[in-house]
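Trainee: Sequence:
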Amino acid sequence: MLRNEKGFVYPLTFSIIILAVSLLIIHIELYLSEVRFYKETEKSLKQEYYFLSSVKEIERIFLEEDTKISSGELKFSDGNVHYRTSEISNSVYLITFSLSLEDHREITAYGYFDLEEGKMFKWVERN
1 MLRNEKGFVY PLTFSIIILA VSLLIIHIEL YLSEVRFYKE TEKSLKQEYY
51 FLSSVKEIER IFLEEDTKIS SGELKFSDGN VHYRTSEISN SVYLITFSLS
101 LEDHREITAY GYFDLEEGKM FKWVERN
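Going by our numbering, the residue at position 27 of the sequence shown is 27; the numbering climbs one at a time, nothing skipped.
Hint data in this document are derived by calculation from the structure and do not stem from the laboratory. Be a bit skeptical, because a hint or two may be false.
[Said to hold, decoys possible] Ranges between beta-carbon positions, derived for each pair: (1) THR41 x HIS82: 24 to 32 Å; (2) PHE121 x PHE37: 27 to 35 Å; (3) SER77 x PRO11: 38 to 46 Å; (4) ILE26 x ASN80: 52 to 60 Å; (5) SER98 x PHE121: 14 to 22 Å; (6) LEU74 x ILE18: 30 to 38 Å.
Beta carbons are placed, not taken as given, at the ideal position from N, Cα and C, and that holds for glycine.
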């Protein structure tokens, strides 16, 4: 009975193949989750960059130009930012930013700009 080895190689080979396939599936799943995380991070950073660039451009327009702006659009490579201004007081303006990305998402943000200080003093994002 000790020398009877019939049928021993098949279960051993099958177990090794199952183990190798399981490890391969785990590594593929980790890779795919990293790719998804990278794409989400890229979208988030792009959104932040577009809003920051828009705020800097609006600050520049308010400080350099004497005329009051009411609305406009800033174009970027992967989206557009539409903005509207409304006067709250003599020196404080509410600026509504609406970012439209190429994946058809729209993000809205509000900024409060003070002419006396010459900068944006409050920022609120919706969505």
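Trainee: All hints, please: hold or fail.
Mentor: Here is what the structure says about each hint:
no., hint, in the structure
1, THR41 x HIS82: 24 to 32 Å, "25 Å, holds"
2, PHE121 x PHE37: 27 to 35 Å, "34 Å, holds"
3, SER77 x PRO11: 38 to 46 Å, "58 Å, violated"
4, ILE26 x ASN80: 52 to 60 Å, "42 Å, violated"
5, SER98 x PHE121: 14 to 22 Å, "20 Å, holds"
6, LEU74 x ILE18: 30 to 38 Å, "56 Å, violated"
Figure legend: structure checked against the earlier numbered hints; hints not met, in rising order: 3, 4, 6.
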